[in-house]
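**Q** Quick note on the UniProt record's numbering: the sequence shown kicks off at 1 and runs consecutively.
Incorrect hints may have been included.
Unchecked claim - List time: in silico EDC-like cross-link candidates among lysine to aspartate or glutamate, alpha-carbon distance up to 20 angstroms:
1. Lys284 / Glu305
2. Lys284 / Glu299
3. Lys112 / Asp86
To be verified - Okay, the calculated beta carbon distance ranges per label pair:
4. Glu299 / Gln138: 43 to 53 angstroms
5. Ile10 / Ser144: 15 to 25 angstroms
6. Gly304 / Thr84: 20 to 30 angstroms
Simulated from the structure, these hints should not be mistaken for laboratory data.
Remember, predicted model here, so these are calculated numbers, not experimental data.
Note that CB positions come from ideal geometry on N, CA and C, so glycine has one too.
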Amino acid sequence: MDTKENISAIVPAQIPVGVVGLGLMGSSITTCLLMAGHPIVAIAPLPIDLETGETRIHEHLLQSFEQKICLEQPTYYLKNLTITEDYTCLKDTLLVIECTLEDITIKRQVYKNIENIVTDHTIITSNTSAIPISLLQQETHIPSRFYGLYWGVPSHTTRFLEIICGDTSDPKKAEWLYQLSHHWAKEPTLVRKDIRGFITNRLMYALYREAFYLVENGYASVDDVDRACRNDAGYWMTLVGCFRWMDLTGIPAYHSVMKDLFPTLHNGTEVPKLIDDIVKAGGKGILNSNGFYNYTPEEARLWGETFEEFSYDIRQLALKYPVDVVTKKLEAQREKNESKE
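Go ahead and model the full structure; you've got the sequences and the hints to work with.
**A** If you want it as structure tokens, here you go:
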């Protein structure tokens, strides 16, 4: 599906893209698409987005240039960016990405605004992390052209992207999105059958649920659980996923542990009290220095900066180990052997 011929036949400069919503995610996604060469129309549904969107994008582009992710200064890419409140500017786009709040009422109106303008051939996608795509596509006039595009954070540095089909999505267009996303420096995943949370959220929220259970029942502190995560799974996950990890470290051992451990894992369906109390008290993490940890304003600022710095560093390591790293090593060995003959 991701043949080099199919991917190289796609020219991002010939594919105008619309992005609706210029919050943290929308600005980062826009940055990624600009670096790939797309002309971008960014719709700012909120007045604050008009004020802050371009500044965020400029900062992302500048840092990406300094980190050698892109080859040109921000001005080179910003000439392909239009930021506006006017949905009619989407009329020539071939792809639109919705990045608004996780509220189906808001999204319904956004899709109506988009479909009133774009052609019937324009692909429409949502960056939703939780709402099933099959449910969202029911809010559109042409459900077959609707998909999920779930991005990682920050979108302009990570390899992560999930492309999700709804019940009535056209699989051929999903494959086109899959091929196009390679131009965005992604190692995409195509989710062919819709399920709430898609792939990574279902995996991560299973981990979150068990983490809350361990803390709330006195087995470990928040700091202990975090340390265990970063020093075990965090050590190897940039190279391999869970199935390859079991291949590397011995499948029978996991089979043996599962029989005894699975029955003891937490399977509650209620929102944990720990996070519920924080949210009810207005906690937003480093955004307001109130989260699972206590922060001074300076600590919160530095954690934000450190995460951004780390995202560029880990990207360099990840690029050293792409998904086809072993395939490339085998090809290099074959070429070396052939040259000796």
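**Q** Each hint should be assessed against the structure and marked as holding or not.
**A** Okay, the hints, checked on the actual structure:
no.: 1; hint: Lys284 / Glu305; result: holds (17 angstroms)
no.: 2; hint: Lys284 / Glu299; result: holds (14 angstroms)
no.: 3; hint: Lys112 / Asp86; result: holds (14 angstroms)
no.: 4; hint: Glu299 / Gln138: 43 to 53 angstroms; result: holds (45 angstroms)
no.: 5; hint: Ile10 / Ser144: 15 to 25 angstroms; result: holds (21 angstroms)
no.: 6; hint: Gly304 / Thr84: 20 to 30 angstroms; result: holds (29 angstroms)
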